[in-house]
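Student: Next come the chains, spelled out residue by residue.
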Amino acid sequence: MRIAVLSGKGGTGKTLVSVNLAAVAGPSTYVDCDIEEPNGHLFFKPVDVEAEQITVKIPVVDHQLCNGCRKCVEFCNFNSLAYINRKLIVFEDICHSCGGCVLVCPEKALTEKEKAIGTVQAGRSGDVQVYSGIMQTGEASGIPIIDRLLEKADNSSQLTVIDCPPGSACSVMESIKDADYCILVTEPTLFGVHNLNLVYELVQLFNKPFGAVLNKCIEGESPDKQFCLDHKINIIGEIAFDQELGELTSNGMIASRENDKYRQIFASILESVKKEVSHETIAHS
Amino acid sequence: MKIAIPVDDQQMETNVSMSFGRAPYFLIYDVDTKESLFIDNVAKTSTGGAGIKAAQMVVDNQANILITPRLGQNAGDVLLAADIQVFKSIGVSVRENIDEYLAGNLSELEEIHAGFHGHGGHGGY
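Chain order of the listed sequences is P and R.
The first sequence begins at 4 in the working numbering and counts up one residue at a time.
The second sequence begins at 13 in the working numbering and counts up one residue at a time.
Think of the hints as simulated: they come from the structure by calculation, not from any bench.
Heads up, some of the hints might be wrong.
Stated by the list, open to error - Straight-line Cα separation of at most 25 Å, DMTMM-like style, residue types lysine to aspartate or glutamate; simulated pairs:
hint, chain 1, residue 1, chain 2, residue 2
1, P, 74, R, 52
2, P, 74, R, 95
3, P, 74, R, 72
4, P, 90, R, 72
My request is simple: use the sequences and hints to build the entire structure.
Tutor: In structure tokens:
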């Protein structure tokens with residue numbers, strides 16, 4: 004079973020929920036798809052870490068063979084090629100590595116080279132397999148890193164928690180596409196609710212079963228809870244605004260490994276998800 | 013000599029467009045013949061790299077200089093490779109900018125990403 008944890012707004016508690024769910028799940032897999040700023044490893048402190056370099060293919064021009072027909076320039080949907088002063092220029096940073104320019108070149112003047120964009124690291128923390136994707140600073144897209152991460156994590160049939168990037172863009176879609184269930188983590192701020200609405204639309208678009216975990220719950224008015232009630236979103240857990248939890252987390256500790264009170268909160272969320280997913284399976288079989 | 017300017021509309025009384033890559037049109041003004049040609053900016057709806065495509069158009073229309081309020085790094089690289097000088101527009105009037113350029117009152121655009129300046133030999137900062 005694959006559980007994706009997303010939130011729209013950053014700092015809502017995706018990593019808190021993801022790390023603790025994986026920690027209480029017994030043998031499990033944690034995948035950090037927040038490749039721009041992965042931080043799950045700060046909590047798990049994995050050992051026996053192995054890193055794999057992730058590369059993409061970028062076109063290289065043989066200026067002797069290029070006759071300036073511009074077929075590649077016209078083909079590229081991302082405008083990463085320009086033909087100036089009888090010379091083809093490649094803008095590597097905006098190339099999406101589709102390989103189309105190489106295919107359309109009638110002179111075979113274009114070939115491809117490998118360009119490193121980041122790494123995938125795999126390690127172990129207790130009975131949790133920890134995978135983290137790390138994109139190199141300055142790279143525009145880390146989709147190939149997320150692809151490889153999820154491919155590697157797929158080796159295990161055990162429960163997998165996918166810690167998604169913030170937002171609702173391509174990298175989030177890539178992270179949730181094979182998930183069996185999505186957890187939307189919320190916080191009681193208007194900004195949080197605005198971005199919650201974006202991921203709420205996204206999981207519906209992807210036709211994923213989902214529920215909400217309300218984080219930093221406070222007394223009184225709570226715009227995120229109201230949003231869930233208004234949209235009939237199933238609330239599968241509530242985590243109180245709690246100084247002790249904040250301190251443990253700030254110190255890089257996994258709260259559910261430190262204190263039974265927290266272990267129970269996350270174990271209960273996990274049970275709710277498992278129940279939801281088994282209902283889904285029955286409903287769809 | 014030809015001047016390229018990103019513009020909002022296809023007439024001489026229009027304004028300089030606030031965007032280069034996403035400008036609706038480009039004016040190619042021939043200083044010698046005083047002819048003005050308005051071209052549709054095919055790059056304006058690009059999903060990405062609009063600046064590069066727009067700069068390619070400016071180059072293909074044999075412009076010698078560009079007057080624009082701003083320019084990105086990639087477009088700057090294309091224009092640099094084509095030896096097109098870039099000047100910063102003042103105010104919004106297209107006519108005024110042409111006149112000011114001809115009077116020598118426009119200064120070169122300095123706000124492009126730092127990488128551009130190093131090549132130009134007139135690094136500003």
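Student: Need the status of pair residue 74 of chain P, residue 95 of chain R: alpha-carbon distance at most 25 Å?
Tutor: holds (24 Å)
Student: Quickly compare the C-alpha distance for residue 74 of chain P and residue 72 of chain R to 25 Å and report which way the hint goes.
Tutor: holds (15 Å)
Student: Take the C-alpha atoms of residue 90 of chain P and residue 72 of chain R, compute the straight-line distance between them, and say whether it is at most 25 Å.
Tutor: Given pair residue 90 of chain P, residue 72 of chain R holds - Cα atoms ~13 Å apart, limit 25 Å.
Student: Would the hint linking residue 74 of chain P and residue 52 of chain R be met if the CA-CA limit is 25 Å?
Tutor: Since the Cα atoms of residue 74 of chain P and residue 52 of chain R sit roughly 21 Å apart, the hinted pair holds (cutoff 25 Å).
Checked against the numbered hints above, the structure violates none of them.
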